[in-house]
Each structure stands twice: as C-alpha cells, then as structure tokens.
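Novice: Got chain W sorted already, so can you dock chain B onto it with the hints?
Chains as they are written, first to last, in this note's numbering: chain W, 1 to 278; chain B, 1 to 375.
Simulated from the structure, these hints should not be mistaken for lab results.
Built from N, CA and C at the ideal position, the CB exists for glycine as well.
Some hints could be false.
[As the list claims (entries may be wrong)] Among the chain W residues that face chain B by a calculated CB cut under 10 Å, a handful are: (1) 87; (2) 169; (3) 180; (4) 192.
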Amino acid sequence: MRKKSFFQKAAAVPHIMWVIMFIAAPMLFVLYFALTDAEGKFSFSNIAELSKYGNVFILSIAFALIATVICLLIGYPLAYFMSRQSERAQKILMVLVMLPMWCNLLIRTYALMALLDNGGLLNSLLVKLGLDKVSIVGTNFGVILGMVYDFLPYMVLPIFTSMTKLDKRYIEASHDLGCNNWQTMTKVIMPLTVSGVISGITMVFVPSISTFYISQKLGAGKIDLVGDTIERLFQNTSTYGVGAAMSLIMMILILISVGIMNRFSDDEDKTVKRGGIR
Amino acid sequence: MEKDIVISLTDISKAFDGETVLDHINLEIHDKEFVTFLGPSGCGKTTTLRIIGGFETPDTGDVYFDGKRINDTPPYERQVNTVFQRYALFPHLNVYENIAFGLRLKKTPEETVREKVQEMLALVNLKGFERRRVTTLSGGQQQRVAIARALVNHPKVLLLDEPLGALDLKLRKDMQNELKRIQRQMGITFIYVTHDQEEALSMSDTIVVMAEGKIQQIGTPVDIYNEPENAFVADFIGESNILDGMMLSDYKVKFSGHIFDCVDTGFERRELVDIVVRPEDVDVVSKDTGMLTGTVTSVTFKGDYYEIIVDVGGFKWMLETSDFVGVDEVIGLDIEPEAIHVMKKSEYSGKFGDYSTFSDEMDHLGDIIDEEDEE
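The shape of chain W in the complex, shown without the other chains:
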C-alpha cells in the first residue's frame, strides 16, 4: 500500500484533536469520577450507591421500550404508505416528517406543553365544547407521548429508506406466486425491511432512555427517569461521583442494547442459511 502523504495525515489532525478533546476526554472523566471516592482513591462505592436507583432504571427502560414500540407501530405503516406514493408526493411527505426536526427539541417540547397543559389549547377547546378537562402533563402518558412525538421521525426515515430500496419486482413476484396484499406484507416486505426497522428502533430507543428534558417538562417534575437523576446528581458536587457512575452504567446499557440489535440483523442472515422463515 502507498504511504499516506504528509498532507493526508495533516488533514486528519483537527478531527483527531476534536475526538480527543470532546469525546475521549469527557468519557475518561466519567470513568475517573465513577470509580473514585471523595479522596480520589479507587473505589466501587459510587457504583454500590446506585442500588438506590434501581426503580429509576427500570422505569426508564420501560418508558423507552413503550415509546419505541408505539413509534414502530405508527412509523412502519406510515413509511409503507409514503413509499407507495408518487415521487413528488414522497418528497412532500418527507418534508412533513422532517419538519419538526428543524425545530429545537426543547422548543418542540414546550410547544407540546402549550398544547396539552391544564390551561393549554386542547383543554380550553374541551371546556368550550362542554367536556371535562384531561390531564396529560404530569402523567406517564404525557411523557411517553412526548417521546413518541419527538423521536417518531427517527423511526420513519430509516424504514422509509429501506422500503424505497426494496425492489418492486419482489412484490410482483409475491403477487404472482399467490400472495394477497397482506401476505405480501408479512412474507416479503417485512422480512426485507428488517434492517430499516432495526436502525429505527435503535435511533428511538437510545435517545428515549437517556432523555431528561421530556420527562421534566411533560412529567411536570413528578416522573424521575435516569436522565433527570443524572442531571440532579451532577448539580451537587458531593454526588458528582454517583452521577458519573450512573452515566457509566447508562452507557453500558445502551452499548448492550445496540449490540443486541446488531445481533438481530446478523441473525437475519443466519436464518436464511439455516432454512428460512416458516
């Protein structure tokens, strides 16, 4: 192989500096704070402290799972619908899906609050119609709604991409061999768009499990997820180490779940080798 020229090496320097300063170094800090006690000595005391927060972890995982499943149930049919439209209509729908992403997450969440709050648009409309108010903000439902609202595009886009890449001939072939529309969906389209589903799930699950803003605002401070807890722990210097430990465990959890998802897409290939889907 040809040696890289000086210029080629030099071009990578800014990026490497960036990675060291803003990604590697903070992670090492997290690791350091997580595994040392107040005197700076190596210790697992911070990790041990986390046992108090077991239910927070469980709640976070549950919320993230529910939000991901709902995103999938809404996003998959939507992506399918979009992929069946004319190219022009696809572009318009694509913009509609992406539109919320052009707006900052915090502002979007505030907007959702303005809609759903006790004195918000929805409730004033209900009152005008002579109906009872619904309280959404401050409930589990409100938080999950916020997650779904904020992260749905991340589910739709990868699935849509894998749908548009799907060769139309496979669909024709399945009709030709006797599949009606539903059977074509379950036997051909779904198995061939698994990769899109997997990246969609990853892209929704990861931000959902680590969010703190949505749960703070739409949970009205009543619902404590991992993200909120970490934020609070870091606001107090004496619990810095525990916060770091919690962040560390969080990162490990996310790595494991991404790993599991990747295994799924590998398995897809292995099933084919073994004998396919029955």
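Specialist: Relative to chain W, chain B alone:
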C-alpha cells in the same frame, strides 16, 4: 370460441403517459403451445406479457382466460406464473424456501411440499442446492430456481420475460434446450418474450412478431422466416435483401432491371411491391451466365460460409456462399423462382433496404440494448 384456446386478447390498447405502447392487439393462445413474443425494444411485448400476468391493466380491450374475462382479477388469483426478467428471487429465503413459497401459501402439507420441491429441483438439475442462499448462485442457477419456483404451482400458463437475457451465449443455448424439454415434459403453455430472433426461431411453436405496439405477423417459425408479411418482419427475422419491385403479371416480377420468374400470384398488374431474397438463396455464378451482375465489395469469413456484399447497380446485396470470391471480382447472381418472396407495400417499405451501411458491429450493439426502459 375454439376449445383449446387458453388466453385470448381482444382489442387491447395501452398507453403510458400518453405514449401508445399497445395499439389494438388481438391474439389467441392455444393450450400447451410455446408462443414467443418477438420484437425490438419498446415494441410492447413485455407490456403484453404483464397484462396477461395481471401487473398492468389494459386501457381498452379484454383479457380472457379459459373463456372467462379476467381484466379485474388480481395476479394472485390468476392461474399463471411468471419467470421475471432478472428472476426476482427472494433474497431472504434459500433455494428450497423460494421454490416452496407458492405451495406454503396454499397450506400444502409439509410432506407434499418436500416431495414437490424435490421433484422441481430434479427437473431443473439443481439437486443438492436446497440450503444455498439464492445470492450465492450463478446467473444460470438463479434462472433455474426462478423456473422451478413458478412451475411448482402447476400453472396453466407460464410467462417468461426475457429469461435468458442475462446469460452468456453457451449457457443460453443449453437453457433454450432445457426450457423446451421442460415445456414438453410438463405440458404447460409457455409465453416467452425475447428480442433474440434466433432464440424465437429455435424454441417456438408460434411466433408473434411485434413492432411499435402492433402485431406484425403470427405464424410458425418456418412461415415467419419463409413468408414474411412485410419489410419489417423480413428485416427483423434473419438477414434479408429487400428491394423495390413491380409485379408485371402473375408469376412475373421485375426488380433490379431484370424480369424474374416467381411463384406469387394475386397482385394487381403493375403493382409496386417489396421483394425479399434471403442471402443463402442466391447462387453465385460466372458474370456471363448470371441474371444479375455485380462487384464484390467485401468478404467476411464466417466459418462454414463466406458472407459477401455485392454491389448490383448501386444496391448492396448480402449473399452467403461457400465458394471463395475475391473483393473487386465481378460475379453473376442467379435467383430461383422459389427464392423470391413478394410482399405488399407497407408502412415499413423503404425503411429497410440494402446492406450499404451494414456492419457486424451494429448488429451486436442492437442486441445489447437493455429492455428495461420498455413499458
């Protein structure tokens, strides 16, 4: 309606974005027949096939299957199966599951599935490939899987859309024989789409020659070759010298400044006609005894014969001869009455003429043109 007609198309027209692709097609296909739709890119042959398969709806006209109108029957309820142009094998399933796909949908018992899949694998010479992923197969093997996947459902009619287009020449010849064998063995109607005239001539019972959305001629390979209906068919099937001529009376025709005996009757006196003479039907004789004389302008060795171009009064003839002649030699041409085929003038008259611009290269380029843009 005749009893053994499986599919009939009546007055089918189809346009895409205002462009006419099929122009009032009428066609009957008989049971257990090997029918080929033959024509250049964009002639509408694939669209006709897709209408029979149910993937396109005709703008006008009706499609009948076993005497029943099936215009509105979706593909999955039709008793036809398709072998797609580039196979469209399901990449998430192995060879066995691809072939079993149609049977599984019909809730066939596992025992029967295994039996039938094995039977199909034997038919297409792919025993032992059950567990292979379809993406690891060669083009020829994928082709066989596609055929097995369609045939296992025992369709009344099998549609094949340029199934051999992606294979190399040697493999294509083998597969042609194999397809013909399978068709006889299974007793199924095959409707085959190709732009390769040689393939059409060697495999078909009936050839439907198409151009510009219209059927130009329907007939057996021998009929189509020997009795082309117009200049287009004559030019498209095999090599032809196509000349302007005039019928003087029955059995007498004048072209190239010479009056020939011929076997054609039934034309008006002095009617202008197109004359077709196949290159292999012209005898090369000495310049003194020939009906026509001309100068040889090129000689190409073709293995068992020479292909020569002869300039006769400005018109370039193509001849095939086993005798060697040199370039610039003046020779005589003799044409038997049976070798002269007289055709009515058509919209294609004058579009195909002599071989003055002919080159082998052009011919091959024409074969490569992808049919993908058709539709």
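Novice: All hints, please: hold or fail.
Specialist: Structure-based check of all given hints:
At its closest, the beta carbon of residue 87 of chain W sits 14 Å from a beta carbon of chain B; the interface hint therefore is violated under the 10 Å criterion. A distance limit of 10 Å between C-beta atoms decides the matter here; for residue 169 of chain W the minimum to chain B is near 4 Å, and the interface restraint holds. Satisfaction of the interface hint for residue 180 of chain W is found here, the shortest Cβ-Cβ separation to chain B being roughly 6 Å, below the 10 Å cut-off. Taking 10 Å as the C-beta contact cut-off toward chain B, the hint placing residue 192 of chain W at the interface holds, the least distance being around 6 Å.
Comparing the model with each numbered hint stated earlier shows that hint 1 is the single one that does not hold.
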